[in-house]
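> Residue-level listing of the chains:
There are 2 protein chains.
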Amino acid sequence: MKTSDSKYCKCLYFTANALARKIEKLALESWSRVSLSPSHAYLLMLVAEKPGIQPTSLSEHLQLQPSTITRLIEKLEGKKLLIRTYEGKITNVYPTPKGKDLLPRLHECLHEFYSRYSEILGKDESARLVQNMGKIADKLDV
Amino acid sequence: MKTSDSKYCKCLYFTANALARKIEKLALESWSRVSLSPSHAYLLMLVAEKPGIQPTSLSEHLQLQPSTITRLIEKLEGKKLLIRTYEGKITNVYPTPKGKDLLPRLHECLHEFYSRYSEILGKDESARLVQNMGKIADKLDV
DNA sequence: CCATTATAGTTGCATATACAAATACCGAAC
DNA sequence: GTTCGGTATTTGTATATGCAACTATAATGG
Numbered sequence: 001m002k003t004s005d006s007k008y009c010k011c012l013y014f015t016a017n018a019l020a021r022k023i024e025k026l027a028l029e030s031w032s033r034v035s036l037s038p039s040h041a042y043l044l045m046l047v048a049e050k051p052g053i054q055p056t057s058l059s060e061h062l063q064l065q066p067s068t069i070t071r072l073i074e075k076l077e078g079k080k081l082l083i084r085t086y087e088g089k090i091t092n093v094y095p096t097p098k099g100k101d102l103l104p105r106l107h108e109c110l111h112e113f114y115s116r117y118s119e120i121l122g123k124d125e126s127a128r129l130v131q132n133m134g135k136i137a138d139k140l141d142v
Numbered sequence: 001m002k003t004s005d006s007k008y009c010k011c012l013y014f015t016a017n018a019l020a021r022k023i024e025k026l027a028l029e030s031w032s033r034v035s036l037s038p039s040h041a042y043l044l045m046l047v048a049e050k051p052g053i054q055p056t057s058l059s060e061h062l063q064l065q066p067s068t069i070t071r072l073i074e075k076l077e078g079k080k081l082l083i084r085t086y087e088g089k090i091t092n093v094y095p096t097p098k099g100k101d102l103l104p105r106l107h108e109c110l111h112e113f114y115s116r117y118s119e120i121l122g123k124d125e126s127a128r129l130v131q132n133m134g135k136i137a138d139k140l141d142v
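Which chain is which? The protein sequence lines are A and B, in order.
Per the working numbering, the first sequence starts with residue 1, numbered consecutively.
Per the working numbering, the second sequence starts with residue 1, numbered consecutively.
Be a bit skeptical, because a hint or two may be false.
No distinction is drawn between identical chains; accordingly, a pair holds when it is met within one copy or between any pair of copies.
Using 30 Å as the maximum straight-line C-alpha spacing, the simulated DSS-like pairs for lysine-lysine come out as follows [as the list claims (entries may be wrong)]:
no. : residue 1 : residue 2
1   : K139      : K123
2   : K139      : K98
3   : K80       : K135
4   : K25       : K135
5   : K25       : K79
6   : K89       : K100
7   : K50       : K123
8   : K25       : K139
Please keep in mind that the hints were generated in silico from the structure rather than gathered at the bench.
Let's have the full structure, built from the sequences with the hints guiding it.
What follows is the structure, given as structure tokens:
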């Protein structure tokens, strides 16, 4: 059954979640080559780009709760892709050499993901959609 | 930080998830009065509307995996809001009297939810968004 | 009529995420 | 300088969800 055929398709909750899950699936496939979930991959890319970035900052960029960031970091630390250093109350997150080495492949995955959804949706339509959803998400901020 | 300020805000994965989480939050609040998550509430409303509906059908309407439907049903059964009957390999789901009694309040919650997001986003904009997201979700079906 | 295949549903297990509470540190005010 | 409110992070716990494997039933082809 198509999303738009559903009895409750006119409901924002329903539609937004169905869409997010489908996109998640696409993303999971794109990053499966590096054995990382999209969230982990994005976090790692952010850390590689801003070595020493703090969890709070990551939390803001990724719009995930601090506790979720901790869990993501723990897993990546377990895979030796990044490390934490602790100075007083603040924590800095750095990529390990192994993490840095993975970067090109992460960007390939990102590119593949972009390509896949652009192909399905069209470049313009997907760009519009992203922009539109971002705008809406901002409005929903309290 | 706003969703649209994020480094990866141009990424569909990221945007779709952030949006879905924010909407989820709004929905959770709207249905908190009946102590049900939005998913449970939608499932119950569907069952009340089509008594005897089968899990497979629910799975299609809600765009959730059959196993997830089983879990949702189990919980609602535990709350005595619906019951299952088994005939051979097929299962039928019916609302209990208690489940039926709850319907008006569920619809109130639904209405409240609509009102809240319409107020924030504007009636037209939210309607457009829902339609647009639904269309996109359909395209992403394999 | 049996063997195979397909369908409906459930169960076991894993994951991502959130919230609330706890911890640890910092800074400011008295 | 000590207490106290605020900030950064982690931990404990709960939830929704998915996938894969499993069971049970139905249907179909020989």
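> Now look at each hint and say whether the structure bears it out.
Quick rundown of the hints versus the structure:
1. In this homomeric assembly, K139 and K123 come within 30 Å of each other (Cα to Cα) both inside a single copy, at 25 Å, and across copies, at 14 Å.
2. Proximity of K139 to K98 under the C-alpha cut-off of 30 Å is found in neither arrangement, the shortest distances being 39 Å within a copy and 38 Å between copies.
3. In this assembly of identical chains, K80 and K135 lie within 30 Å of each other by CA distance neither inside one copy nor across copies; the values are 36 Å within and 41 Å between.
4. For the homomeric pair K25 and K135, the shortest alpha-carbon distances inside one copy (23 Å) and between copies (17 Å) are both at most 30 Å.
5. In this homomeric assembly, K25 and K79 come within 30 Å of each other (Cα to Cα) only inside a single copy, at 23 Å, whereas the closest approach across copies is 32 Å.
6. In this assembly of identical chains, K89 and K100 lie within 30 Å of each other by CA distance solely inside one copy; the values are 26 Å within and 53 Å between copies.
7. With identical chains, the CA atoms of K50 and K123 are at most 30 Å apart within one copy only, with a shortest distance of 29 Å there and 40 Å across copies.
8. In the homo-oligomer, the alpha carbons of K25 and K139 lie at most 30 Å apart both inside one protomer (26 Å) and across protomers (14 Å), since each shortest distance falls under that limit.
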